[in-house]
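Trainee: Just so you know, the protein sequences line up as chains D and V, in that order.
In terms of the numbering used here, the first sequence opens at residue 376 and continues consecutively.
In terms of the numbering used here, the second sequence opens at residue 376 and continues consecutively.
If you're looking for bench data, these hints aren't it; they were derived computationally from the structure.
Please note: incorrect hints may appear among the correct ones.
SDA-like, lysine to any residue: derived pairs with alpha carbons at most 25 Å apart [claimed, not checked]: (1) D:K627 / D:D639; (2) D:K581 / V:K659; (3) D:K614 / V:M634.
These numbers were taken from a predicted model, which means no experiment stands behind them.
Number of protein chains: 2
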Amino acid sequence: MIVDISKKILIVGLGLLGGSYAKALKRFGFHVSAVTKDQSSVDYAIGEKIIDEGTTELDARMIGEADLVIFALYPHTFVEWIEQNQGLLKSGALITDVTGVKGSVVYRVQEMLREDVEFIAAHPMAGREVSGVENSTVQMFVGANYIVTPTEKNTPEAIETCMELGRLLGFANVTTLSPEEHDEMIGFLSQLTHCIAITLMTCNDKENMEKFTGDSFRDLTRIARINDLMWSELFVANKEALLNQMNLFMDKFTELKEMLENEDIDGMRRMMRTSTERRALFDKK
Amino acid sequence: MIVDISKKILIVGLGLLGGSYAKALKRFGFHVSAVTKDQSSVDYAIGEKIIDEGTTELDARMIGEADLVIFALYPHTFVEWIEQNQGLLKSGALITDVTGVKGSVVYRVQEMLREDVEFIAAHPMAGREVSGVENSTVQMFVGANYIVTPTEKNTPEAIETCMELGRLLGFANVTTLSPEEHDEMIGFLSQLTHCIAITLMTCNDKENMEKFTGDSFRDLTRIARINDLMWSELFVANKEALLNQMNLFMDKFTELKEMLENEDIDGMRRMMRTSTERRALFDKK
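Turn these sequences into a full structure, and let the hints steer you where they fit.
Mentor: The following block contains the structure:
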């Protein structure tokens, strides 16, 4: 479906991600419309020719015309939108999302959704430390991962269309994972790292430390500047998987602490060598 | 003393740091000699004109002529060298070091040292992920911290000479801390961050994670490639201070885990806002 540029695309939520999607898709000539919160975002996006039309209202005509609807909202806002407004969607429409957690969203939305509309979930693993449509850029997707998380409710056609969308947006790696595999991976690679960074940044409030700070500490705390509204919601939405990762981390950290207490040099060296070997896998290819 | 270039400087241990010291000091015209383990390091350094002379022997003439001796060795090797060979030092010589931990080294060396030789400890906070004199470079010191850790046994002249050495080497910030303040700061900013990185790198061995890895995870684990021989020794040499920092971290991490368990969004958001504010202090100036 997606390769047919006569189809209309609607973006709900015209922020950093939604705006970047719009920019990427306009390059191919799609008709792109947007429903969003602020009139200023609509005005900016029309002025910059990022979208063809936009509104801050629940415009029945605009929503009802869309063949593909991309929800670029916070998880709970997305779920609420579907609950309240799914009646406005076109029969046969395909909807997708950008939500960073999957298990707590995908099944719930698929469960409540009309039979004649299909939801195929996706997570574009891209972001910036700034927000808003004014900062949107297709550069964000270069070299990044796009993960589609199908369930047994999805059709092969929807999965393929969603993967094609990822490729059109410019993502380097377009793959599928189950919602559970996705949440475990995100819990470990992204959420746990943010938990660690904010803990490191707040566990010792001694003054003047910054005078002696080197690159190591700066690297580990770069992501300690964090959008508290978004991340607290994402943590809770992935609670079980994240707690599991936090426990794995705590267990290993405790093991290291005990080796230090016992001055078990051999044990610490083994752990450091494993760390060194495993880290080599994660170098940028 | 240091500004008098007729004085002779000896470097014991011609590796990455020792070699970089030699390079920096040769720029000013000092006579620089070296005692080190491998003949290949001596040959390289003489060939590159980094040192005037060097040996792998305990050369009584070369050691006995030095006015300033810089020990660029692992902590236990430094302590053993002084135990066994301090009789070779010139009467009136000043000695300093590069050891990354202070409390467990400084008092012990000052305690056992001859009355006519003074030891003023220093920590050049600079390093690279490679080792050996072949990789030495004065660039390493640009923008970095040099910390002198005097005790009541030190004379004002020795402290000033050691600080002047830090400035000659090209360090951006030359300051003093007590050995205890130094060890607390290093325990937090450097050792704890390495503990976290190696724990993160080894706590989940699920395969194929690297396919989905983004910048956050790479940032937090860059230092997980670690010299196991050096760091295990440094951890044990700073055991009490590091355990204290590890406990502070664990307590705060447990607090965050409990907030997540209780879905205490307000509490998590407060912690994230504190983190964001505090991180701003640590941006590069």
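Trainee: All hints, please: hold or fail.
Mentor: A quick look at each hint next to the structure:
no.	hint	result
1	D:K627 / D:D639	holds (15 Å)
2	D:K581 / V:K659	holds (19 Å)
3	D:K614 / V:M634	holds (11 Å)
In terms of the numbered hints stated before, the structure departs from none.
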